[in-house]
Structures are given as structure tokens and as C-alpha cells.
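A.B. asks: Produce the complete structure using the sequences and hints provided.
Protein chains: 2
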Amino acid sequence: MVYFFGERGKESRKLLGGKGANLGEMTRIGLPVPPGFTISTRVCMDFIKTKRYPRYLEKQVESNLKKLERKMKRKFGDEKRPLLISVRSGAPVSMPGMMDTVLNLGLNDKTVKGIEKESGDPRFAWDSYRRFIQMFGDVVLEVDHAKFEKILNKRKRGRKDTDLKVEELKIIVSEYKNLVRRETGKEFPSDPKKQLKMSIDAVFSSWDNKRARTYRKLNNIPEDLGTAVNIQAMVFGNLGKDSATGVGFTRDPSTGENTPYGEYLINAQGEDVVAGIRTPKPIFNLKKDLPKAYRKLMKVYKLLDKHYRDMQDLEFTIEKGKLYVLQTRAGKRTAQAAVKIAVDLVKERMISKREAIMRIDPAQLDHLLHKQLDPKEKEKARAIAKGLPASPGASVGIVCFTADRAEELASKGKDVVLVREETSPEDIGGMSVSKGILTARGGMTSHAAVVARGMGICCVAGCEDIIIDEKKKTLTAGEIKIREGEWITLDGGTGEVIEGKIAVVDPEMKGEFRTLMKWVDEFRRLGVRTNADTPEDSKRAKDFGAEGIGLARTEHMFFEGGRIDSVREMILAEDEKGRRNALKKLLPMQMNDFLGIFKEMNGLPVTIRLLDPPLHEFLPKEDKEIRKLARKMKVSYQKLKKKINFLSEFNPMLGFRGCRLGVVYPEISEMQVEAIIKAAIKINRSGGRAFPEIEIPVLGSLEEAKFMREVIERIAKDLIRKSRVNVKYKIGTMIELPRACVVADELAKVLDFFSFGTNDLTQTTYGFSRDDSGKFIPKYIEKGVLKKDPFQVLDREGVGSLMETCVKLGKKTNPKIEIGICGEHGGEPSSVEFCHKLGIDYVSCSPFRVPIARLAAAQAKIKNG
Amino acid sequence: MVYFFGERGKESRKLLGGKGANLGEMTRIGLPVPPGFTISTRVCMDFIKTKRYPRYLEKQVESNLKKLERKMKRKFGDEKRPLLISVRSGAPVSMPGMMDTVLNLGLNDKTVKGIEKESGDPRFAWDSYRRFIQMFGDVVLEVDHAKFEKILNKRKRGRKDTDLKVEELKIIVSEYKNLVRRETGKEFPSDPKKQLKMSIDAVFSSWDNKRARTYRKLNNIPEDLGTAVNIQAMVFGNLGKDSATGVGFTRDPSTGENTPYGEYLINAQGEDVVAGIRTPKPIFNLKKDLPKAYRKLMKVYKLLDKHYRDMQDLEFTIEKGKLYVLQTRAGKRTAQAAVKIAVDLVKERMISKREAIMRIDPAQLDHLLHKQLDPKEKEKARAIAKGLPASPGASVGIVCFTADRAEELASKGKDVVLVREETSPEDIGGMSVSKGILTARGGMTSHAAVVARGMGICCVAGCEDIIIDEKKKTLTAGEIKIREGEWITLDGGTGEVIEGKIAVVDPEMKGEFRTLMKWVDEFRRLGVRTNADTPEDSKRAKDFGAEGIGLARTEHMFFEGGRIDSVREMILAEDEKGRRNALKKLLPMQMNDFLGIFKEMNGLPVTIRLLDPPLHEFLPKEDKEIRKLARKMKVSYQKLKKKINFLSEFNPMLGFRGCRLGVVYPEISEMQVEAIIKAAIKINRSGGRAFPEIEIPVLGSLEEAKFMREVIERIAKDLIRKSRVNVKYKIGTMIELPRACVVADELAKVLDFFSFGTNDLTQTTYGFSRDDSGKFIPKYIEKGVLKKDPFQVLDREGVGSLMETCVKLGKKTNPKIEIGICGEHGGEPSSVEFCHKLGIDYVSCSPFRVPIARLAAAQAKIKNG
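Chains A and B, in that order, are what the protein sequence lines are.
Numbering of the first sequence is given in this note's numbering, commencing with residue 1 and proceeding in unit increments.
Numbering of the second sequence is given in this note's numbering, commencing with residue 1 and proceeding in unit increments.
Worth flagging that the hints you see were computed from the coordinates, not collected in a lab.
These numbers were taken from a predicted model, which means no experiment stands behind them.
Where a beta carbon is used, it is the ideal one built from N, C-alpha and C, also for glycine.
Mixed in with the good hints, there may be bad ones.
[Claimed, not checked] In silico BS3-like cross-links for lysine-lysine, where the CA-CA straight-line distance does not exceed 30 Å:
(1) A:K783 x B:K643
(2) B:K322 x B:K165
(3) A:K80 x A:K197
(4) B:K634 x A:K472
(5) A:K783 x B:K678
(6) B:K641 x A:K471
(7) A:K749 x B:K808
(8) A:K186 x A:K154
(9) A:K643 x B:K642
(10) B:K347 x A:K621
(11) B:K210 x A:K51
(12) A:K473 x A:K577
(13) A:K808 x B:K634
(14) B:K749 x A:K775
(15) B:K624 x A:K473
(16) B:K473 x A:K472
(17) A:K473 x A:K414
(18) B:K210 x A:K722
[What the hints assert, rightly or not] Here's a subset of chain A near chain B, in silico, CB distances under 10 Å, partners left out:
(19) N651
(20) G655
(21) R657
(22) V785
C.D. replies: Structure, rendered in C-alpha cells:
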């Protein structure tokens, strides 16, 4: 259960943990790794279960330690040439929350003298001893770290660590030992074997501490993996000018360029690089400082990069001119670098296309598709508040507090950030012209968030740190007050709100990115469409590779420009005749909407959803607005107010909306179908191709489906017959109710397609309102009662189970039925994978997520076949 | 395909329709039925399919007509002794919407003269002719009925029908014929055979008209039943003083007493009785008027009652002293009569208990359990408005417009009717002391309706005819204005609102009712519990036969008396400590609530649901109230308002409620569990028995179930251990989310019981908000898109399918799991049947519905085994 470095390699990650496996691997391929051994993860699990060590362990550790002593020609606890070791944890998957590292283990009042003599550097010896007690005291004995720092700072009196004299270090060591005695009631352990045993204990126990358990739960890491313990001979980068320590990357982790990257400090120990007391130098300088070690290091870079077939992040130490490698792992990288490295590796014939595709985290691609804050400027700025990173990108603009004002300022060429308590469909106009949107309420799937993502506008939502005073036109965050017209910057990637202006950089669509996306399309089975309501969005999505429109929401069109007047006239009409009159005015406008989209999509399917939201969403809520409308409509304020009250709902999400509108007022659907089919006829007549898929929203029963199909076909067939132009179209529904899922066999008999509206389906299945669940979902996640927000990552067990039922039943009665998904999940990688497994035909997502969905679809296919 | 009366009897209902089968049956058992024959339902279906008659039909009609002529010694179309016939439709199930009856068929300008001579009564002859043209013109030729009436009224000049002279009748006949020519473009058919053929056509075609189709759709009547046509020799009750026509009931349809009942008119035709121009005499008078016919009729009564083993409703005609029976069928009866007759028939050894149980419509029982308006007084009153009959019974009281005012007036001993735009949980106090509740908004399952039904208070909901002005304290319905303090009467059985006071009669709990309910319990398998929140309700329900409490809502207890203050203090607390302080005050009060209920139910299971509604429901909404509360709580109005705004929700139904409260604020659940267990300990210690079933609301995931079970068990076990008193308890959940249904196997691993909350489950499955669906559900039903309101009758296909999944999955992992239903459906007969088939353990409903549920459960068992 204990393996000396080199006995096993990277294939043994599960047994030896990531760190141990790589140390073994590097030893095996002949890299200069200080010798050591790994206690395997199985021991950890035995220890957790039985609270004691297996009998064989002591023996095996003993024999490996002996081997290490022989290799190093030193002895553990020896007063002349003591062996010093490091003890490090290393689980099969990277996992914060566990005990990390103890360095310089083996030091005590006697061995420190041996080091003193041997190195000829008493300061080095006592500083190492001081560091060891502090580290061991902190991580193994659990004495508050701050208490050590307090003693140290008192002695430093404002000087640097390195200014401490040997005598001062000795005093600190003695004060540290006193502290440990006070805090633990026991002497600091001086027996190196005891030190080692206690460290191993601490590593194993930390696997089971609360932080680690919570982390595993949240990240779906199995409880029974366990952690390994790596015990390694110490080497020292702080033994003079010919010693150094540093970190390296085999390629540039920021750009992905195939050039060596890294930094180092001369005469320093590993922790100094991280502590940031001295500024490390770029790796290139090492060529001058220690040319021999540099040449050796460059060889190591090459070897590791090639051997692991990926960019590596390594730690190294140079002890008196001799290079040692202490760790290697796949390096973290920017999205841009990830793509470039993956594509380069294929070109270098190191990996296959398939591997390249699997190397990219789809979520990371997001960064490639949006503007970003200039990292340098951002470093200097401080966020005044933090909300939810609801829609990525960055935006800089002057603050305003109403959609109208946003439109006004934007029309004058100003860059505007719209700040609202929350947004509503009435704000669409103002939102669409804003550079960014900031709301104080609402979650990741609130109106603001969804609309902003759809429009590709940066949005920070649910920022509860800010207080908005719409009347006074101010925004307050703590001490800071920002007035209308003042500058503000939003970072949609982090949710940060920054006072003032920060430079923004445009994303570069690199050649490697295009290459990768081409490969992706060779692998995926799932189609990828987009959710788009305008010709502009349609074009953008097509550029990103969308193969059709999976959801065009017609209600967005109802808000634009002067249309809202006709819409309101329709809603407030006393009878069908009045409604038909108002609808007649809307007809040519809707037709134009569809013309533009059909033209853009030229023959690709365009799913058009009939009017969905409850009618009251189109009416004003504020008294002032109601009075204004009353004057315009020439009705009394009282009458209008009464009508608005009558239409208002307790639970609009479950209210008079979707196809319920179409059943009660078929004339609305008739107008929309007329607009769709007339536009299609016009396109086809002029030699183009239009392929509308007419979608019935919020459908729950066969009877509704039949009723609506009859309305749609009556209009469509009549128009097509009269026009003598052939128009292919489909009639289907959005599946957003649990009932629709369980009666899908019935529905499929009369419908040509299903499209899962998983936002609403999640709401009804879970009984979670998107707009309100912000009050408890974060707490749920904190308490581990929810792993992920089901509005972000599809809930496979609940919602997914209903989707499975729906697909199974639907295909039973209509094997040719086309099935897609158009909820927010359509662009979320894990949900895309689920859709792939479900065997549906396509996913649809906002234009900016199309490349992500394409990549996720390819990965799903590669993973699941 | 054509059967002469007597060839087949009541066993041939499907073939001959109800009417034809009974005419055949009566002929067979020797009753004096005018001869005739029935064209079977199969011919109808052939006709509908092929739009033409089968070849054999003409021959068979011809030969039966010949037989009829021989029997009657008359000839169809004969100028001397013409045969006159009636043509009537008759489907296997009673079905309005089809063509009904043509009388006197066979008359034309020639045969009328034959009748004139033969009867010696020209007026009779021409009046018959006039009636025939009108009836035929209306139902066969589809000439607007009003147009005939117009001609008739013009001639009558204010006189009665019977005042018309022969000459005038002749003019009318000619004008009628002109009308028919004008409207149809054809002469009125004078050939009797043509008349007959056209009538048969009309009957068959009417099976397929829109009204009939819609009726069948709504009532689940198969499309392929078809209707029969009955052709029968005419007999005349209007041939002088020794002729009469009437209807009879073999028992009293109002009380169920075994005494003959009925009424008749001397010298009249059947339609005159219905038309109500003359007042018919009670059947008993016939003894004097026509003693011989009366004796004969009484024999017929006895024979029919015995033969059909049920109270019969018959039509008879006496032609010149000779009695004829024209129709018989099971008679419609009041609830009281239904019960008495069924029980009497068992005692008379005519039917079995099983049959008696199946004879009662459970919905009818409702009437036996509530106060009713005195029928005589009600007859005279006129409703000023009509709403939904939301909770049965009748109530009389003075109007008031706020819950507070209701409590104030009630405390002074006044009978109060609470009138609200809609009610909210804040109104509970006022509602509970009111005699009746009237709301202008909300449906059959609105808050007012549900609470009123639970409390057994009469309620008319969603009465959109009325306009409420809360400020001016008036209620307006059309021209009528009612002020606070004025009297109003509600009929919860019809939804009528009546101005002023009407006498109310108490329901009599007759001995037969008790007998029947005892029999019912011998048959049913399903348990029946009740939904009750107070000791009073618990007692009432137990008296009605409830075997436990299936739902006690703890939030109702939160509103009572001074508790609301502590509840609000808890909600507005800044931290857990503040919440715990406020909860401490609530603890003894909640404990008392449970003590009372446990005592009443003495050992029967009591399902107690932990706090369910979103917290904002406990906070005031009106500005004035908020200011008042702010003063009381000693916080600023702004702060309070902000908190209330923060807590408010877009879709409260899908919001921060149910176990979400318990997960985020476990201290609330802890207090409730403490109150439950402490109360149970106290009861058990004093020798009683308490059996709480602790119910977690709005649960959707295994993680929530585990979390809540842990909280509940921690408190419960600790208290029980310390008390050294044994308390049996269960932990379970209300199933009200689709997700809970599809992960029921997981949930059942950690829970002891499920209880379907089908109100909410219907909301989430269908995506229908109970409070808002009133806007479209009536339209849905009108258009045939919904058959029944799914909040009233369980939707078996959708909601039921999820319930099936839930039961199946739940029993898979926990075969012993107890499963019930506590939604409104628990007291609705068809839903109870579904629950029986589902194999669950019990239904739970409001106290007043317990007998209905018991009966429905017995019927379900008898029907389905």
C-alpha cells in the first residue's frame, strides 16, 4: 500500500492521487525528482472506516523510509546528516479543503544543529526550523495561524523575514514552542517519526472534515476515493545564489503560444513565490542567472509537454545549481489558450481531433464570445458591489433608471447602463439599446437575465448590495452614491459593479477557434438551433453556426415601437370585433418581422411561438402610466384601472397565457398565423425559401392541441390555396407542463414537433418560480439540499424523467415527431449531454451560446456514442 | 331493425333506446300502452355513416305501420278514420340537444276533416292540425319557433289558446303553411308518409348535430350509441270531460314516502301540463273526477314500482275514460327521497343493500348536510345576482365588507354575511364567524371557497355581477344597492344572491340516512379521514364518520387571536435568535391547538402539516395596516414596507413556501414539532392516545426529505426520551409537485407516508393557478376543450397518471408506505373512485363531505371490486 516513486506512474492516479501518480511518472521517465514515496488512497479509506491504521502500514512506511535514507545518504532524525522531508496530500481529483503541505519535517533541537553545520548557514537552518514549527503547528496541530504570525511580526518590528538574525530566529522558535504548549497542552513533538505519523494522520483526517465533505457533495466527487500522502526528501532553493525555486508552464497559459513560460526566485523556498514578498522574474532570465539549470529545465519542459501531450504546470527547485522537479500537472489556461493549445497539439500530431474536442471546457468558450474588461485596468479597480453574473461580457456606460430614459439617451449616441429594481417586458425597448443591465432583484433566470443573455448584453442581476432610488435617480452601494449620468462599469463574467469607466477589449475570433468548431461539427449528432426574435439575432446566430431557429418569441415583437398601442387596444376591446380591428393593424407589422427572419434563415427551419405571456404584461402598472394610456385610449381612468385589475393575476406563471389565449381568443392566433404564412408565401414566391414551424405555447391536453391545430390549419391552408404558392410548415408545441409530458402520446397524434421549454417545465415540475426562487435556492445550495440551480443545469432526475416519458410516449404514437429543447438549458453543456442521451433532434439556445452548444454536443457524442 | 312494442323489453335499452325499451316492457307486462313500434338505434348509426337508409328499412316500417293500422283499425292518411301518430326520439341514455317529439302526425287538409267528423269536435281537429304544423315546422323543418308564436299571438289578441274559434284556427293553419313556404321555399308536406319519413330523418340527423355532439363529449357518452325512433298511435286527453292527461310518480319524489304522487289536467294534451297555462290538480283528486281510471292508474303505479324495483315517473293519458300509459322511467327525486326510497326498497325486500348503495348519487347527499332555503319562500324571491355555488347550504345575515367588522358584529350576536372582493388568510377570523361568504372574484377552489367548504359555511364565490365599494360600504348588483347592515340571503347550492331575508330550514338527519351510511361502511375498502384544523371541526367530522384527520393545516392557527403578532415578530426578526424568541411565544399556543385535536380524535391518526404558506401572507398589504404594524413593532414604516416588498412574490404558489421555509429556517419546524410531540406526550401521559403524523409540505427531492426528517427526528426523539412516555408518530409528506411523483421511490426510502395534495398537484401539473384560472376554465368548458374543471374532478389522465407513477414508485422501495389524498378531490365521488382504483389507503375531505366520500368509496368498491 506504499509505493516508492517510480514503482507506479500516471496510470495509477486513483491509487496514488494526482500528485503521487505524476511524481512516480516523472521518476520513471528519468526526470530529476527528489526521491520519496506515496501512501496510497486505500490506506486513507481504511483509516476513515476503522479510525486506525492497517497493521502493515508501519512496516511499509519504515522500509520505504529506509530506502529513502539510503538514496539520500541521510538518516531521519540523524544529528549529523538528518533527512528532511515534505508531507503532502494528493487526492485523485483536485480538491481544496484538505490539509495541504508540511515542509522541513524531521527538524528538532538536535537535527537543526546538524543542518546548521552541514550547510554552514545557521540562519538557513533556524529559519527552516521556524517555518517547520509554524506550518506543522498550523496544519497538523490546528493552532491558529494568526497567533504564529503575531509572534513573528512582533519580532520583525517592521523588517523583512530575511532581516531576522539567527538569535532572533532562535527566540521565535522558543516562543513558537511555548505557544504550542499553551494551545495544545502538550510539548511540540521533537521525535521525527512522531512528527511524520502525526502529519499522515492529519492528511487522512482532513479527507473527512466538513469543508472537504461539502466540497465533494457539491462537486459530485465520490466519498470513497480517499487521498494519498506523498513523502519526499526536501531540496532547498534557499541555499544561496546558485539556488532557486519557481513554477513553469510548458506553453503560454494566457495565449496558448508554444513558448516556455514561468517565473522563479533566486535563493528562496517554494512558499516565497506564492507569498509575493519578492517579485519573481520571468523564466527567460534564468538563462542568464543559471544557464546550466535553465537548459536542463527547458529539456524538462519539452519532455513533459510531449509525454503528457498537454501543456504542463510544474514546480521546480534548483539546489546549488542542481535542478529538481517537484510536481507536474495539466496547467490551467485561458479559454483562448485552451483552444489554441488543443488545435496546435492536433497539428503537432500529439493528440487526435477527438481528444482536442474533449480538452475544451464548453463553459469556458463563453469568454471568447464577449467583450472583456481590460485585465490591467481591472486589476486596479475595486468593485463597489457584486451581483449574479447573469449575462457575460463587460459594459461601460452612464447610469439611467428607466427604460424610456435609456432609449432617449441612447438615441443621442450615449452608452447607457440601465439600472432597475427588476425589469419587465415593458422595458424591452430600453434594454435593447443599453450596453449593460444591472438589477437589484431576480436570479440567473430572471427576466433581465434571460433577455440580456438572448440579446448578448452584459447583465449583473440580483445585486442586493445596491439600493435604487428611482425618484431621486440614485444608486447607492455602501458609502458610494452614483447619480444618473455618471459612469459605471459592469463585469458580466464575475457580477462585479465598478464605479467609473474601465477600458474594454474586444474578443478576437482566432483562427484556431474556427478550426476547432469545424471539427466539432464532424462529431456531433445533435442539431443546434438558436433562440432569436429578430433578423439581427438570426444573422448573428447563423454566423455562430446555428442551423435554424428553435424559438422566435412573437411577444417581443408586440412591444416594439408603436405596436404596443394596437396591442393595448386589442386587449382592452369590449368584444371580438374590437379585437379583430386592433389585430388588423398588427398584422402587417408581424408579417414584416417574419419576413426579415425568414430571409435571414433562408430555408432553415424557423420555430415561431404564438403569443405566450398573460395579457396584463402589456398594460402599464404605474398610476401615471395608466392615466396617460386612459387619455390616449379615450376611456376613463377608473374603467381602465378596473380592467387592469381584472386582468391582474396572483400567479401569472400559471395564469391566462399561452394557448389559453388562443383558445379563448382564437382571433389572436389567427392573425399571427396569417402573418407567418403570408410572409412565407411572399418569400417563396420571390424564389427564396421559408420553413416556418408554428409553435403552440403552454399546451397541456389533446383537446387544446386539436383546437389550436384546427385554427392554425384553417388559416394556413386557405391562404396557401389562394396564393397557389407551396409553403411547407409544421405545427407543434412547446412542452412546458408536466401534464404535456404524461399525455405526450396523445399530443403526438396531432402534432409534428415538440420543443421542451425547460425553463417553465422546471418551474412547474419543481414548483419553483424563477422570479422568486432567488430567496431560497442559494440557501439550498449552501446547505447541500440542492447541488445546482435547476434553472441553470437541467434536473435530470425530476424534469429529465418527465422529458424521458415525453420522448418515449411521443415517439410511440408518432415515430417521426421532431423533438428539440429551447429552454435556457439548451446552451448549458451538462444539459446538452442529457439531451444527446435522450435522443432528441436538436438543442436551441441564445446566439452567443451556439458555439458552446455545438462543442457540448460533440463531447456528448464522443463520451456516450 | 324495427320492433313492434312488446317484441322486446327493458333488456334492449341499447337497441331500442330508453323510451322504446320501456314502452316495449310495459306492453309485454300487459299495461295499456297505445300500440306502436321502434326503429332501432342501429339504423341511426347506419344512417349517420352512409347518409342514406338501409334498404330493408322502408319495408319494415311499412309492415309495422300496417300492423299498427290493423291494431288501431285505422289507416294512415285515410280520409275517414285516419291514423294519427307521434314520433319521438329515444337514445339509450337521456340526452338533451336532440330532436324530441312530433305529435298528431298524419294530419293534412283531408284527414283533418275525417277527425272533425269522427270526433264531432271541429275545434279539436283544427287545433290538433295547428299544433302539428307548428311542431313539425319547428323541429323537422327548422323554421324559427318564434315566428309561429308571432302568428298565433296576433290571432289570440290576448285571449287564451282555448278561446280560439274554429275559423280562426283555420286561418292560423293557412298562415302557418304560408310561413313554411316562405321560410323553406317548399309546400308544407301533406303526404303522411312523407311526413313520417321526414320526421325519422330529423330524429336521426339530430343525433349528429353540434349541441348533441358537445353534450356527448362533455358527458363521456359514446358517439356510436345512436338514437331510436318511437312511432306510436296517438291517444287524446283533450276529447272532453272524460279525457285527461297527467304525470305520475309511484312514490313521493320529494319525501320518498311510499304514497302515490302526481298531477293531471282534464281535457288537455300532454304539452299543456308542461306549458303551465292551467294549474294541474293533485293525483288524489282523480279519484273523484274519474274514479274508474284512477283505480286503474293506481294498479299501474303498483305494478310499475314493483316491476322496475324503483320509483317510476310515468306519463298517462285518459281518452274518453280509458287509461293509457305513454312512458315510464326512473323518477327524479330529492336527496332525502333518494335515501328513503333506497332504504325502504331494501326493507321491502325489493333490492339488495348493494343495489341501494348504488342507487344514491353521492353528490346529492350534500343537500342532506346543510341548511336550505325554505322552498316556498324561495319560490317567491328573485336573485339579484348569481355566482359560483362554492360551498353548499344557505345563509341569511347582514352585509359587512371587512373581516374585522364581521368579527365585531358577530361578537354582538349578529348574523353576518361577509362580502369581499376576494378573501385572504388574514380574513380567516372574520370568515369563521360569518354565516355566509360572498366574493366577487375567485373560482370554485379560491381561498374563500376552500375555507368555506372546510368550515361548512355557505359561500357564493366569483360573483362577477356584483360591484363592491369597500370604502362606501356598498354592494351593487344592477340597479340594486345594498349597504352595510342590510339583509342579504345566499343560496350556496345554486350560487344565487337574494336581497333581504328568507327563512332557512334545518336539515333533518333521517333514520334512513343513518341506516344507509351503516351499510356503506360494510362495503368500502378506502378509509375516510377529514381535513380539520380545530377540535370543533374534528368533532363534527368524527360524528360524520371520519376515521382520522388527513390534513390539519397549522397556518390557520397562526392567524388566530394575538398569535399573528408573534408570527409577524418572527418573520421580521433580523436573525435566528430573534426568530427563536418569537417562536417561543407561539409554542404553548400551538401545543394547545394540538392538545384539543388529539383529545377529540383519541387515538385516531392526525396528520399535521408543518407551516406551508409563504411568509408574506402573514403580513399586511394595505398601507394603513403597515403603518399600524410599524408602530406596534417599533420599526420605521419605510423599513417595514421594504421588508414586505422584499418578501412579496411574483408567483407565490411557486415561491418561498412549504418545506423550503423549514430548510431555510429549521427553527420554525422545530417549534412546531416540539408543540406536536409535547402535546402527544401530555395526552399519552394522562391515559389518552395521540397518534400524530407529521407532514412536510411542498416537498420535491430526497435531499429535502432527508433534511426535514433529520430536523423532526432530532426534536421528537429527544423530547420522547426525556419524557419517558411512548409516543408513536410518523413522518411523511404531502405530494403536490410533479417532481415528487417522479422521484417517489427516493422519497419513500425516508418517509412513512404520502398524502396527495391534489389541489396543488393539479396546479403544477396543468400549470393552472387556482386563483386565476377562473378567467379561462369556463370558456374551456364552453368550447369543449375541458370536460370538467380539474380542480373539482380529478384529472385522471394527467394528474392521475403522475399519482399512479408516485404510488408505483413509492411502494417499490417502501411497500408499507401509507398513502392518502387530502386535496379537494378527496370528497368528490368520481375522484374517490379513482383513488379506490389506485389502491391508496384513504381519502380525506372537509367534515361535511365525509358521508359523501364514504358512499363514493363503497360504490367504487362495488363497481370495481
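A.B. asks: With a cut-off of 30 Å on the C-alpha distance, tell me whether B:K210 and A:K51 pass.
C.D. replies: violated (80 Å)
A.B. asks: Hey, A:K80 versus A:K197, does the alpha-carbon distance stay inside 30 Å?
C.D. replies: Measuring from Cα to Cα gives roughly 22 Å; hence the hint holds.
A.B. asks: Has the given pair, A:K783 with B:K678, been kept, meaning a C-alpha gap of at most 30 Å?
C.D. replies: Given that 30 Å is the threshold and the Cα spacing comes to 28 Å, the pair holds.
A.B. asks: B:K210 and A:K722 were given as a pair; does the straight-line alpha-carbon distance stay at or below 30 Å?
C.D. replies: The hint holds at about 29 Å.
A.B. asks: Assess, step by step, whether the Cα of B:K473 is no farther than 30 Å from the Cα of A:K472, and give holds or violated.
C.D. replies: violated (38 Å)
A.B. asks: Sort out whether A:K577 lies within 30 Å of A:K473, counting only the CA atoms.
C.D. replies: This hinted pair is violated, its Cα atoms lying about 43 Å apart.
A.B. asks: Is B:K749 close enough to A:K775, meaning Cα to Cα at most 30 Å?
C.D. replies: Within the cut-off at roughly 29 Å; holds.
A.B. asks: Has the given pair, B:K634 with A:K472, been kept, meaning a C-alpha gap of at most 30 Å?
C.D. replies: With a Cα-Cα distance of about 27 Å, the restraint between B:K634 and A:K472 holds, given a limit of 30 Å.
A.B. asks: Please work out if B:K322 and B:K165 have their alpha carbons no farther apart than 30 Å.
C.D. replies: Status holds; Cα separation ~28 Å.
A.B. asks: Taking the closest Cβ pair, is A:V785 under 10 Å from chain B?
C.D. replies: Holds. Min distance 5 Å.
A.B. asks: Holds or violated: B:K641 with A:K471, Cα cutoff 30 Å?
C.D. replies: With Cα atoms ~17 Å apart, B:K641 and A:K471 stay inside 30 Å; holds.
A.B. asks: A:K783 and B:K643: Cα distance at most 30 Å?
C.D. replies: Holds - the C-alpha atoms of B:K643 and A:K783 are around 24 Å apart, at most 30 Å.
When the structure is compared with the earlier hints, violations turn up for hints 10, 11, 12, 13, 16 and for no others.
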